[in-house]
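Engineer: Given these sequences and hints, build the entire structure.
Protein chains: 2
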Amino acid sequence: MPTNPDWVKALKPATDGAALLKKERAKSDLPVEKLTVFLFGEEFLETRRNILKVLQSEKIFDKSANYYSGRIQRFEAALARAKRLRMLAVEHDWSLEDHNVAVDLLAEPIPYMLHGTMFLLTLFNQASEKQAAKYFMKAMNYEIIGCYAQTELGHGSNVKGLETTATWNPDDKTFTIHSPTLTASKWWIGTLGRTANYAVVMAQLIVNGENHGPHPFVVQIRDMKTHQPLEGVHIGDVGPKVGYNTMDNGFMLFNNYKVPHEAMLARYSRVDPETNTYIKPPSAALVYGTMTWVRSTIVWQAGGVLARGVTIAIRYCAVRQQFQDKDSESPDGSETQVLDYTMVSYRLLTLLAATFALHFSGKLMMEMYQKGQRNLSDKISEKEKEEILSMMADLHATSCGLKSLASTTAADGLEQARRACGGHGYSSFSGIGPLFADYLPNVTWEGDNYMLTQQVANYLLKTARSVRMGFPPVNDTATIFRYFYDRAEMGCAFDILGSDADIVAAFAWRSSFLAFNLLDKRDSEKMAWNDLLVDMYRLSKAHSQYMIVKNFYDTLNSEETKKSLDEKTLEIMWKLFRLYSLNTLESEASEFYASGAVTVKQAMLTRQSAVMKLLKEIRPHAVRLVDAWDFPDWQLDSALGRYDGKVYEDMFRRASELNPLNEITVDPYPSSTTIFKSTGNLKSKL
Amino acid sequence: MPTNPDWVKALKPATDGAALLKKERAKSDLPVEKLTVFLFGEEFLETRRNILKVLQSEKIFDKSANYYSGRIQRFEAALARAKRLRMLAVEHDWSLEDHNVAVDLLAEPIPYMLHGTMFLLTLFNQASEKQAAKYFMKAMNYEIIGCYAQTELGHGSNVKGLETTATWNPDDKTFTIHSPTLTASKWWIGTLGRTANYAVVMAQLIVNGENHGPHPFVVQIRDMKTHQPLEGVHIGDVGPKVGYNTMDNGFMLFNNYKVPHEAMLARYSRVDPETNTYIKPPSAALVYGTMTWVRSTIVWQAGGVLARGVTIAIRYCAVRQQFQDKDSESPDGSETQVLDYTMVSYRLLTLLAATFALHFSGKLMMEMYQKGQRNLSDKISEKEKEEILSMMADLHATSCGLKSLASTTAADGLEQARRACGGHGYSSFSGIGPLFADYLPNVTWEGDNYMLTQQVANYLLKTARSVRMGFPPVNDTATIFRYFYDRAEMGCAFDILGSDADIVAAFAWRSSFLAFNLLDKRDSEKMAWNDLLVDMYRLSKAHSQYMIVKNFYDTLNSEETKKSLDEKTLEIMWKLFRLYSLNTLESEASEFYASGAVTVKQAMLTRQSAVMKLLKEIRPHAVRLVDAWDFPDWQLDSALGRYDGKVYEDMFRRASELNPLNEITVDPYPSSTTIFKSTGNLKSKL
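The listed protein sequences correspond, in order, to chains G and P.
Using full-length UniProt numbering, read the first sequence as starting at 1 and increasing by one per residue.
Using full-length UniProt numbering, read the second sequence as starting at 1 and increasing by one per residue.
In case anyone wonders, no lab produced these hints; they're calculated from the structure.
All of these numbers come straight from a predicted model, not from anything done at the bench.
Heads up, some of the hints might be wrong.
Said to hold, decoys possible - Now the in silico label distances, taken between C-beta atoms and shown as ranges:
1. Asn-208/P <-> Ser-587/G: 53 to 63 angstroms
2. Lys-22/P <-> Asn-158/G: 21 to 31 angstroms
3. Ser-587/G <-> Ala-19/P: 36 to 46 angstroms
4. Gly-333/G <-> Phe-471/P: 51 to 61 angstroms
5. Ser-587/G <-> Thr-561/P: 42 to 52 angstroms
6. Asp-633/P <-> Gly-333/G: 52 to 62 angstroms
7. Glu-525/P <-> Lys-568/G: 27 to 37 angstroms
8. Phe-471/P <-> Ser-587/G: 31 to 41 angstroms
Claimed, not checked - Now the stretches of chain P that chain G is said to cover, found in silico as 3 or more residues with beta-carbon under 8 angstroms:
9. 6-13
10. 151-157
11. 294-306
12. 600-611
13. 663-673
Glycine included, each C-beta is placed from N, C-alpha and C at the ideal position.
Structural biologist: Here it is, written out as structure tokens:
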């Protein structure tokens, strides 16, 4: 790499970023560490610190080449890191959660990911005892590397439409797995493209000519020694993507590929090899469980992911100075910190409030889910059981809506944070662009964010229908039933500027208004389902926003919170609650008017006085509030978001000292077709 | 590259995309070619066809490796293409516009770009005759390759804050160009990183200790033979970015670098070497011109860029079938085309309407600008001149607001279109992700989209102040003055569902309401400028939306349009006008209520009846409407957006036949630190 001459090395930036951040931190007395402990718990923080130390001590996890490397180099590095992570997990006796913490710090998808999650999980849940004995421990020990092959080139959302078939052969007691068409090709399958030698394959089970729908089969797909695909299996990587390029998402086709009877995962349903008949699962599985958990995790993570972008943007906008405020008559002529412009703080502090809102909702929902699961396993009456199941169904619907809202909020919020960084936000060194690119699949997978809202609305419609039919609430834990039921008592003019409880009530009111409005359209006006999809999307959003506002409110009101946080911190958290709620209300104002929840005057005052005032009150604490998220610099890998504020030094170092493009000298003239005059030791780098 | 076995080659997709698109095109009788000619003119289309033929006939422009290549390979290919384009321009006698058409078809930024635009333009506008003789023809002939070095590491938006200095030395009649700090480093300079050997450098001119502000200097920066940076100049590429990676954006620092007197571009201002004094420009330059033109171009291009994404998404969503509509009882059990779901058509057809809206506004504004310029050069009275200048100032303010709105609409719209493609939208092969990434700088450069709205609001405030003070309108061509002035006559209850003219009037009403509201806050309540930035952003958006709606309306009402388009096409264009306008109105409903322009009831009906009905009426024409944009497949380079609908075949071909990652075989076990088992001929590819 060409080195910087001495006169360049001697230069200092005109802006002292370190001093500016120091001043920022001095402006506020928010006890950062206490808030951090409140957010994550001491145990988790301790674990994270220890794992970080381990990772930073090994050269293989050095990130300095990441932003410059092409696809193949990045995949190569990621696989090497995945291998090392696995060895470290064994060495340090890491749990699955510990391993996930390490991947989170590494901040890149690793090629083993689907082995460690969906492949193992499916074996665990769906394998018979015999199958578990054969595969599970081998998979746990990484003697076989698996993936989960469900989505196809032609079908993603509609699982029932999968085209891959598994036909039972009574003669030799085998299944034939087959791809009848090109669109039957498995597609997007993580870990499959280059890495896995086993797969759980979802295929239409056909017995005696009858189709019993998609079922899982565990199948060897590559040779254990040569790693070549087996005869009759065609596999490859699906190619480059917007992000996630350290992962080998794969495709796979089968040509009448025979697998033994034991390939079909037989814990619940199976084919009897004696009678050649299909045996149904004893009861439709209680699917709420895992899915509620997965979606609540996405909500919880959405807060954290967004917080990474917001941390970077807020620190940089506190360091970046540009222009003087038009009315300012600063005596020293120094420029204004960009974060002081209300157009910037309006964008970034509202996102900051959203990070906490999402974090609390995800956390609360996971706790509720776990509590429900625990209570179910106790010895309880049928009536109690029914109540808990009703609450769990409620929670499931809400988790679908929140998954949609939270991942959209995080994805769009990251891009907003990137733009708030101005020109330098476009550099990979900002760290936000690459994070956004890797995060984007979240708006599509685990239920596309638009599609999913149909499920939410469907559940809300059913609940509204029950309420209208006069059924009493099952119990107080079924939130949706409760707030639909209570709407008559609420009234519909809320003091959103004077009472926090009224803010929550206004959100409940608007959501139930939309729900009953939709019910009229569907049941009375008999409108077509397809003509109501936009209303359903809006209803799901309204319900989810209500839940987030309610969860934020409940969290701050809880005894645990009051015990954990000092008064000053709690006061700022309440301000963040109001900022999130009132800003959301204002941006959805027309639905709040239409429902009669607020007046036009109230909504105007909301932004013009309440929100703008909150921004000013929160502004001095902005840097400390992002500090509370406690992201190590190593995780953020951002020149703009450094804890120490040395933004410009880092931008320059990454451009001039690490950038391999600077090793080449070109021939610039169009009359010559030669491009490179010299390439230095570039080849060795590629 | 591993080849697909014969059994794979024999597979067909279950969905016949070609048949589906054929059916789509048969559903509508919209005369596509006529609409295309109306949009672009026959001459332009002829040119584009010819240039496309030239490009497609040369292997150097083959795009098949683009999506797989790393930064250095992409830069290398782009420079090779830039060179060849230049030679072709000479060979075929291409104008600058022709050259731009070629780059647009190539669809990647080329490393010569800033030479061909800003470097040449600045020499043309600001060089003295002597300087022009020395540099201009050389630059035109690419004997010197230049760039335009303004932005610095520490300053982008605030040009007055630049830190690079150019100090006049009376003794030897030279300037010393110097970077006093690290943040003085030039940054983001296109074409500088590896390619240019000359630069126009903007630096603070210091004469006799007095700073006269930023001035341009033309400076040699690299050796003409070795291409190494000259002594005292330090240059490099700034590193990888979200997109735009075929361009070598560079940094540059100067260490007391001496340049001759003639380096300062001296057409308007100069340093007299005899008296050692600074000579000011005779009058503040009429800067409106170029900037209005550049911004109108961004508006016009925004329509086209967005249309590329919308073309891809609409074609793919017409081919993709998923689920059955919940109420449907389709006898053949076939799945529904995704585009038929209202949640999808709502998102994509409103974007489709926006493409036309932006296109017409950009076109109309460029025409108005050119007309104004032409009329100015005629022999006209002082009064007429004043009128034209007033109109041009108006146009300038509007072009700022429209640049902000249009580029945000296009950038966000591209991402919306990508998400509407579901999972496959995430593949690079969709073509939308890479386009989005390359387009993003538009929201920041030529005036950051948030910052710029202050300028717009400032102009609108001044105009509102004049109106309030009772000044009569200068003339009818100054739109802003006119609609502010006329607001009293408008009344404030508009029949937006019954009258197209009323739709336009409602937008005018809301914008002028916001303007006078802001004027009250600033002038009567004496609110701080900084506390009004969010209001200014909203006002600018409101004014810009009004202008787009008005321009769309005026375009469809013009005699030329009525002559060019048949009745049926015109009818569909009016529907697109209504869809764009009413959907915009509904999404900004709270401002329309607050201003009294519409009632809550009207706004609810707008979406629930008018917009949903328009979607159904436009839906059959969707594919033909995107066909009218006439993008060659070669330009889109998208598996999903193919004209022939062969989506799945192309996805599979790009993954299995072109993807270099599939050349490697890995060792998958964590116990081994080896990654690659074999690399085939991969190295030769890197």
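Engineer: Now look at each hint and say whether the structure bears it out.
Structural biologist: Each hint tested on the structure:
1. Asn-208/P <-> Ser-587/G: 53 to 63 angstroms: holds, 55 angstroms
2. Lys-22/P <-> Asn-158/G: 21 to 31 angstroms: holds, 24 angstroms
3. Ser-587/G <-> Ala-19/P: 36 to 46 angstroms: Hint holds: Cβ distance 43 angstroms, inside 36 to 46 angstroms.
4. Gly-333/G <-> Phe-471/P: 51 to 61 angstroms: The hint (51 to 61 angstroms, Cβ to Cβ) is violated, given that Gly-333/G and Phe-471/P are roughly 36 angstroms apart.
5. Ser-587/G <-> Thr-561/P: 42 to 52 angstroms: For Thr-561/P against Ser-587/G, whose Cβ atoms are near 37 angstroms apart, the range 42 to 52 angstroms is violated.
6. Asp-633/P <-> Gly-333/G: 52 to 62 angstroms: Cβ of Asp-633/P to Cβ of Gly-333/G: about 56 angstroms, so the range 52 to 62 angstroms holds.
7. Glu-525/P <-> Lys-568/G: 27 to 37 angstroms: holds, 32 angstroms
8. Phe-471/P <-> Ser-587/G: 31 to 41 angstroms: Roughly 37 angstroms apart at Cβ, these two residues keep to the hinted range, so it holds.
9. 6-13: holds (count 5)
10. 151-157: holds (count 6)
11. 294-306: violated (count 0)
12. 600-611: holds (count 5)
13. 663-673: holds (count 10)
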